[in-house]
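J.: Protein chains in written order, with the working numbering: chain C, 1 to 284; chain R, 1001 to 1384.
It should be emphasised that the hints constitute simulated quantities derived from the structure, not laboratory data.
Keep in mind that this is a model prediction, so the values were computed, not measured.
From the three backbone atoms N, C-alpha and C, an ideal C-beta is built for every residue, glycine too.
Misleading hints may appear alongside valid ones.
Claimed, not checked - Derived Cβ-Cβ restraints for the label pairs, each shown as a range:
(1) Pro-254/C / Asn-1047/R: 46 to 56 Å
(2) Asp-1288/R / Gly-181/C: 20 to 30 Å
(3) Ala-262/C / Gly-1069/R: 44 to 54 Å
(4) Gln-1337/R / Ser-84/C: 46 to 56 Å
(5) Gly-1172/R / Ser-151/C: 38 to 48 Å
(6) Glu-1247/R / Glu-138/C: 49 to 59 Å
(7) Ala-1110/R / Glu-58/C: 47 to 57 Å
So you can see what is in the structure, the chains are spelled out below.
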Amino acid sequence: MSRTDLPEPDRRPSLAVWKFASCDGCQLSLLDCEDELLTLAKVVDIAHFSEMSRASAEGPYDVSLVEGSITTPDDAQRILEIRSSSHLLVTIGACATAGGIQGLRNFAASGAYASAVYAHPEYIDALETSTPIAAHVEVDYELHGCPVDRSQLLEVLTASLAGRTPVIPGHSVCQECKSRGTVCLLVAGDTPCLGPVTRAGCGAICPSMDRGCFGCFGPADTANTASLAAHLRLQGMAPVDVSRLFATFNAGAPAFRHEALAQGGPVPSAPVRITHRAEREGPR
Amino acid sequence: MRIGSAVTIDAEGLDALIATLASRGYETKGPVVRDGAILPGPVGGINDLPVGVRDVQSPGRYRLEHGEGDAVFSWAVGPGSWKAEFFPPSQELWTSTLEGDVVTSEAPVADVAPLAIVGARPCELAALAVLDRVLLDGAVTDPHYAARRVDAFIVAAECGSPASTCFCTSMGTGPATESDFDLALTELDDDDGHRFVVRVGTDRGAEILEYVPGSETTPRDMAARQAVLASATKAIDRRLETEGLAELLARNLDHPSWDDIAERCLSCGNCTLVCPTCFCSDVSDTTDLAGEVRRQRTWASCFDLDHSYIHGGPVRSSVSSRYRQWLTHKLSTWWDQFDSSGCVGCGRCIAWCPVGIDLTVEAAAIRASDGALRSSPASGRDGR
Ligand code: SF4
Ligand code: SF4
Ligand code: SF4
Ligand code: SF4
Ligand code: SF4
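Isolated chain R, as found in the complex:
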């Protein structure tokens, strides 16, 4: 098999693919149904995937529907993202003990089995690429992130059933994918049966595929794949106008919208924690009664008052300044920092905001009244 070639496999083929990855020592994970949502979890075969499950999403609302049918990828992204596999909510950085006069320190990087993800969405691949630029290819490489990320085997799943919250078409990240995977699946479920087109992205992807029963993809199946993607693209009607967006936000720091959003925003931080690209963390040292010192890194959010705490107090004490930080970082200053958008259009922050605040709507509101000024511009530290 060559990179770029494709085979068609059936449900048993997908089972065999997962089994082959497991037999190679990979910890196999994929989307599973848990507590009313689809989230990353262990998968040992196709029946662990969300068989016949669909999702219905809107701002502040998420529901699953269990239907008939064999399809396993008829849903969009849920609250969990693959970020947590590589950048866990809490990570021990080092420990240190004092015995007599001797300080002993340890900074272990966990030695865990390599991860194989089966069913990562195109926007999630884009999100991992964004995180890679921050944690892998930036000024400093994060050893914990690198340890699990570098060898991870990625089986993508293109989207046939986007949610109303998805806007990858605006961000150029989906519903199809052309890169950042070892293998990419497109699920087909029509008169010709339930099957998957598998495209090869890397040599090791090709090598694994040798052990999976399938046949070369016919032009008819390729056309069926194109049709699935075309209808998914058509189904996505949420838009974020990206033309000049970074500059638009940068010149509207005193726009009245920020205060309007702050009336609704709970500053709960859910949007940042579900976001597959938010990388902020807090590093804290604790001691125990026996004198052991522990340095931990935990997820943090720019919605925390403590996030901007410097000598004398927080820089962003108002909620409007914190929401502004979040939105301008995602859509504007991320470009200055990492030469890309910090948003991939997955829609998680829209669905999982308890009060349904929608960044596409908020950005559009600012565009609609570009240059408007709030009546009393924030002064002092909170102004920027």
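Looking at chain C on its own, in the form it has when it is part of the complex:
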């Protein structure tokens, strides 16, 4: 981490948590650190965290946690201000690091979703794409996951407080899966699993619950998605299904996006059409 020199000991470092296009789940992971939250509040000064308090202190901030992707012109501006008032900027979650599930719109024609979803798309002032924070400003550290893992969040915070490098592996989910003794779903069953190409960090929870890894931590360090995709095709999966497997929370991560497109893309070529509830159910 490049900016670890934190303030002198007599001042508590300040922490700010920011939201962009996201579901708030990653911020909630911080609130979810129930056992550690009080200690954290003692060692850092929580300057801005809307999920916790209306109070908001002025910057500059020692550490900013940024959740969400950039989807509007306003947000593209706001992130520049946050960057300039933050010493250390850490992006948290799939939205902030890869554009999130809303990044699916990057696969469709411009405005296709807006006109399909909103009754009055003319009121929508959105960018054509959903992009990660790193596409706009320099990011000091990225935490992956949908949502992020609580222990990784604490690890990044404690590491920056101690001025050390956080222990965040870049290897595959399979390693966590084998370390916890889960029997491989791909080998001992036919469940599609993205574990071999997905970054560790979750503790391999999904395979331990008999569900294939959904890839919510995004691509591992050297993800060979083509080989895994070829294997899934051999197991009988249709290209569009393989494509959709790669096009979820991290659809915008280059390795996953590339594979989703190589398999023909996640969306049918016909124009997107989503019916409105009012249209489906008729007038009340």
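Based on the hints, put chain R with the ligands in the right spot on chain C.
T.: Only chain R with the ligands this time, still in chain C's reference frame:
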């Protein structure tokens, strides 16, 4: 009972053997069925073992079949190995706290009950012997490994039903075993009934056997054991040509095969984690909010980019250089380091590779075109 002698016991005898070990304070573990595979787990009696279960294995595929019959050892090795008992996936090495100006550190070695393994395969005994050379008899003895390994009681189970992935016959490690056990079982299930030939490997093995009902093994049962082993040997058709293998790999570091494998290899690390001899680990320090420092050792793999990270970046950034590291370490440089092969032929890395990459096939491919060079040899750091 003398070392080298044998008795024949029945299913009740095996039950009594497990009970005797438990009554002596051993934590008794053996192969159990869990989540569609056979892996190490707690056993209290013969019914905890995989009764009537067989396995079907091939590259990248593993399935269990539940059949009739009383046999408990009609399968080959599963994804778990006994390595994890002695060298766990994660091990705390020490903790340290700061109170005032005083730093207090603790490096406890866990005080756990001794382990008795019932049903370790011959290749697994060979794998433990390989690990012993690394962690026990090397330049440094690992205290955590030693604490559990030194007193472990081993009941081996010779193989009558090898899997298609097994190649112990090439490595000289199975399907029979002559050493590294306290007691060795060979399961017989024929017209004379379901029973086990038990051979004595150590004095304490003999002593435990005093409490187990059985009778001296007849020449007829000994012949039946030989027949089981002969048919198992015949059934193993996977081969790894070991003649000159270490040198072959050492002189083919720029062979085109490495790139060909890298097209398929996911660099997921499954092969190294299921391997009963891979000992690589990562040591990391973490701090918590209260200021406690913890040093942990966790399993690592040479397929990790971080595994070769030194100042300035990873030495082995390409997948082909990482697969090459794995294969050459197992089959070639292990000899330079520990004077043995790092591979015992258990076949786990073949079955549990999600895309079925098979080291016996890859080694044979290199042998078939010994000396071939890739068109653009890797340069710089990645070249070696
Ligand atoms: S279940 Fe998935 S994550 Fe686990 S080892 Fe198999 S492929 Fe990897
Ligand atoms: S390299 Fe493969 S076959 Fe050899 S001991 Fe390791 S897992 Fe078994
Ligand atoms: S093959 Fe790789 S993981 Fe296994 S012991 Fe060698 S370097 Fe370590
Ligand atoms: S490799 Fe040999 S010793 Fe190991 S399980 Fe297979 S047959 Fe048994
Ligand atoms: S050889 Fe197979 S198990 Fe090993 S890293 Fe490559 S894909 Fe994973």
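J.: Go ahead and decide if the range 38 to 48 Å is satisfied by the Cβ distance of Gly-1172/R to Ser-151/C.
T.: holds, 45 Å
J.: Taking the Cβ atom of Glu-1247/R and the Cβ atom of Glu-138/C, is their distance within the range 49 to 59 Å?
T.: holds, 50 Å
J.: Taking the beta carbons of Pro-254/C and Asn-1047/R, is their distance inside 46 to 56 Å?
T.: Taking Cβ atoms as reference, Pro-254/C and Asn-1047/R lie about 53 Å apart, which means the hint holds.
J.: Taking the CB of Ala-1110/R and the CB of Glu-58/C, does the distance hold inside 47 to 57 Å?
T.: holds, 51 Å
J.: With respect to the beta-carbon atoms only, verify the hint that Gln-1337/R and Ser-84/C lie 46 to 56 Å apart.
T.: holds, 53 Å
J.: Starting from the hint 20 to 30 Å, judge whether the C-beta atoms of Asp-1288/R and Gly-181/C obey it.
T.: Cβ of Asp-1288/R to Cβ of Gly-181/C: about 26 Å, so the range 20 to 30 Å holds.
J.: Between the beta carbons of Ala-262/C and Gly-1069/R, is the distance compatible with 44 to 54 Å?
T.: The hint (44 to 54 Å, Cβ to Cβ) holds, given that Ala-262/C and Gly-1069/R are roughly 48 Å apart.
Consistency note: the structure conflicts with none of the earlier hints.
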